[in-house]
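*Asks:* Chains C and L are the protein sequences, given in the same order.
The end of the first sequence is residue 107 by full-length UniProt numbering, with every number in the run present.
The end of the second sequence is residue 439 by full-length UniProt numbering, with every number in the run present.
Honestly, the hints are just simulated from the structure, not real lab data.
Take the hints with a grain of salt, since some may be wrong.
[Claimed, not checked] From the structure, some residues in chain C lie toward chain L, with a derived Cβ separation under 10 Å:
1. M1
2. V70
3. V72
4. F74
5. E84
6. E87
7. R103
Keep in mind the model is a prediction, meaning the values are calculated, not measured.
Note that the Cβ used here is the ideal one computed from N, Cα and C, for glycine as well.
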Amino acid sequence: MKYMMFVCTDSEPETALQAPDIEEWVAGNDAAGRRVLGSQLAEPSAATTVRVRGGELLLTDGPFAETKEVIVGFDILECADLDEAIEVARAHPMSWAGRVELRPFVD
Amino acid sequence: MSTEARAVAAASRDAYARIVATLIRLTGDWSLAEDCAQDAIESALRRWPRDGVPANPGGWLMTAARNRAVDQLRRAATAGRKLRDLALLREAEPAPEGDDRLRLIFTCCHPALAPESRVALTLRTVAGVPTADVARLFLVSESAMTRRLTRAKSKIAQSRIPYRAPSGPALAERLPGVLAVLYLLFTHGYDAGGELDAADEAIHLARLLAELMPAEPEVSALLALCLLQHSRRAARRDAAGELVTLDRQDRSRWDHAAIAEAVGLLAGRPVTGAYAIQAHIAACHATAPDFASTDWSTLAGWYDQLARIHPSPVVAVNRAVAHGYAYGPAAGLDLLAGAGDAVAGYAPAVAARAQLAARAGDPVTAAALFRRAAGIAASEGERRALMRRAAETEAGVAASGARRAGAQIGGAASGPDRVETEAGVAASGPRRAGAEAVG
Numbered sequence: 001m002k003y004m005m006f007v008c009t010d011s012e013p014e015t016a017l018q019a020p021d022i023e024e025w026v027a028g029n030d031a032a033g034r035r036v037l038g039s040q041l042a043e044p045s046a047a048t049t050v051r052v053r054g055g056e057l058l059l060t061d062g063p064f065a066e067t068k069e070v071i072v073g074f075d076i077l078e079c080a081d082l083d084e085a086i087e088v089a090r091a092h093p094m095s096w097a098g099r100v101e102l103r104p105f106v107d
Numbered sequence: 001m002s003t004e005a006r007a008v009a010a011a012s013r014d015a016y017a018r019i020v021a022t023l024i025r026l027t028g029d030w031s032l033a034e035d036c037a038q039d040a041i042e043s044a045l046r047r048w049p050r051d052g053v054p055a056n057p058g059g060w061l062m063t064a065a066r067n068r069a070v071d072q073l074r075r076a077a078t079a080g081r082k083l084r085d086l087a088l089l090r091e092a093e094p095a096p097e098g099d100d101r102l103r104l105i106f107t108c109c110h111p112a113l114a115p116e117s118r119v120a121l122t123l124r125t126v127a128g129v130p131t132a133d134v135a136r137l138f139l140v141s142e143s144a145m146t147r148r149l150t151r152a153k154s155k156i157a158q159s160r161i162p163y164r165a166p167s168g169p170a171l172a173e174r175l176p177g178v179l180a181v182l183y184l185l186f187t188h189g190y191d192a193g194g195e196l197d198a199a200d201e202a203i204h205l206a207r208l209l210a211e212l213m214p215a216e217p218e219v220s221a222l223l224a225l226c227l228l229q230h231s232r233r234a235a236r237r238d239a240a241g242e243l244v245t246l247d248r249q250d251r252s253r254w255d256h257a258a259i260a261e262a263v264g265l266l267a268g269r270p271v272t273g274a275y276a277i278q279a280h281i282a283a284c285h286a287t288a289p290d291f292a293s294t295d296w297s298t299l300a301g302w303y304d305q306l307a308r309i310h311p312s313p314v315v316a317v318n319r320a321v322a323h324g325y326a327y328g329p330a331a332g333l334d335l336l337a338g339a340g341d342a343v344a345g346y347a348p349a350v351a352a353r354a355q356l357a358a359r360a361g362d363p364v365t366a367a368a369l370f371r372r373a374a375g376i377a378a379s380e381g382e383r384r385a386l387m388r389r390a391a392e393t394e395a396g397v398a399a400s401g402a403r404r405a406g407a408q409i410g411g412a413a414s415g416p417d418r419v420e421t422e423a424g425v426a427a428s429g430p431r432r433a434g435a436e437a438v439g
């Protein structure tokens with residue numbers, strides 16, 4: 001079962017003193033084969049939003065909405081079930097300092 | 001209702017969760033499991049009057065439901081996809097690791113589901129309550145409830161919420177959520193006026209959980225708490241439907257068998273959490289021969305503990321009232337003053353101050369406070385009761401019997417989900433004020 005894990009934060013991230021270490025999180029889940037792929041993303045200002053309306057391509061500079069919280073990274077997880085994915089997410093520092101959304105793949 | 005119909009009702013109540021839970025484990029298909037359980041009950045209603053009630057009604061229902069599932073899957077299997085499920089269903093009953101019903105309860109109460117969905121799904125799937133009745137309980141249309149249940153089941157499937165009861169540290173994390181669902185359902189019972197008694201269902205589920213998890217003290221404590229509160233149901237309202245407060249209830253109308261069962265559940269078990277403390281508080285009231293003989297100093301001690309682990313305005317007010325009875329009105333007033341902002345603007349706190357002032361021999365202050373409490377009361381019934389208390393206090397009723405009059409403030413308690421407390425003031429269930437409901 002694949003889960004997309006969106007790593008989100010406020011534009012001014014909270015500081016979380018006891019948050020786990022990101023390097024350890026990546027290394028541990030890579031070694032366990034639970035992290036299929038993942039990356040930090042560039043600033044929202046570097047985003048381009050793509051829409052096609054009435055056959056016409058519309059490009060917008062920036063993310064799709066003006067939101068205070070932005071997606072700053074993602075990871076694709078391979079987990080047996082939601083409980084395992086939650087355990088992986090709770091060990092990610094950004095679930096301490098921001099928030100993390102788990103979305104199952106439809107496949 | 002015929003003997004056979006009663007037998008069907010009793011057997012399906014006992015067996016429904018086991019059937020659904022087993023079929024979900026074997027097929028992973030929630031709708032199939034529920035449909036087949038329902039079909040088995042319907043077929044019992046047709047056949048038992050003709051063939052007689054079988055020796056093992058629950059086993060009969062389970063077999064009928066499994067056969068029904070095999071039929072349905074056989075049809076689906078022509079497409080080839082359901083062969084695995086069919087094979088599972090046909091083989092002899094595999095020994096389940098842990099109990100299927102426990103998995104079902106924990107899955108329905110998974111924290112990734114919306115809280116209101118957890119309660120509804122538990123009622124529908126574990127207790128087998130028809131969707132129409134669940135909808136009535138939540139005051140939504142049947143179609144809205146069907147959508148909510150469908151959404152919850154599809155979230156379970158799509159997100160792959162595991163079908164299991166957690167173990168180890170995860171159990172400690174998840175169990176409070178399960179208990180909260182059951183207690184929420186119980187307090188909901190105070191609102192329900194329909195055919196479905198949510199409080200009875202909650203007790204049924206708590207009993208099931210206590211059977212399945214005999215080693216968890218908070219589980220049996222929750223069952224005890226529900227039994228104790230529910231033991232007063234016959235005495236809680238007068239003929240006109242008005243709430244009768246604890247001090248004025250006819251104790252001979254309490255359900256003393258339920259009280260004895262609850263006291264037995266609490267005996268010799270460690271007090272490990274808020275449900276156990278609340279159950280001991282309720283037991284203290286339930287076992288007092290009359291209001292005057294209530295062991296107020298023991299109660300005050302339990303409230304001290306509850307306030308430490310589970311502080312809330314409701315607990316603060318009840319604690320102050322208990323101390324007021326145990327150690328005199330001044331002690332209660334001191335505690336209320338100490339609670340400060342936490343209870344400011346909270347009608348039951350003001351009413352409790354009024355009651356303590358009346359008992360301290362200051363009817364003028366008491367009457368003014370009753371009026372102030374009435375001004376901020378949450379409901380019209382409560383407001384009326386408080387105005388009445390103000391008038392009685394002014395008329396000197398309070399002065400003629402200070403202790404008793406003090407207790408009468410309980411008249412302020414109204415609203416169907418409120419549980420009587422020391423003062424009868426508005427202790428509520430978890431929906432209103434956290435997880436405490438006392439008395």
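*Asks:* Each of the hints needs a verdict: does it hold here or not?
*Replies:* The hints, checked one at a time:
1. The interface hint given for C:M1 holds, since its Cβ lies 5 Å from the closest Cβ of chain L, which is under the 10 Å cut-off.
2. Restraint check, C:V70 versus chain L: the minimum CB separation of about 23 Å is more than 10 Å; hint violated.
3. Below 10 Å, beta-carbon pairs count as interface contacts, and C:V72 has none with chain L, the closest being about 23 Å; its hint is therefore violated.
4. Interface restraint check: C:F74 against chain L, minimum CB-CB distance 17 Å, threshold 10 Å, status violated.
5. With its C-beta approaching chain L no nearer than about 8 Å, C:E84 sits inside the 10 Å limit, and its interface hint holds.
6. Because the closest C-beta pair between C:E87 and chain L is about 9 Å apart, less than 10 Å, the hint holds.
7. For C:R103, the suggested interface contact is upheld, since its CB lies about 8 Å from the closest CB of chain L, less than 10 Å.
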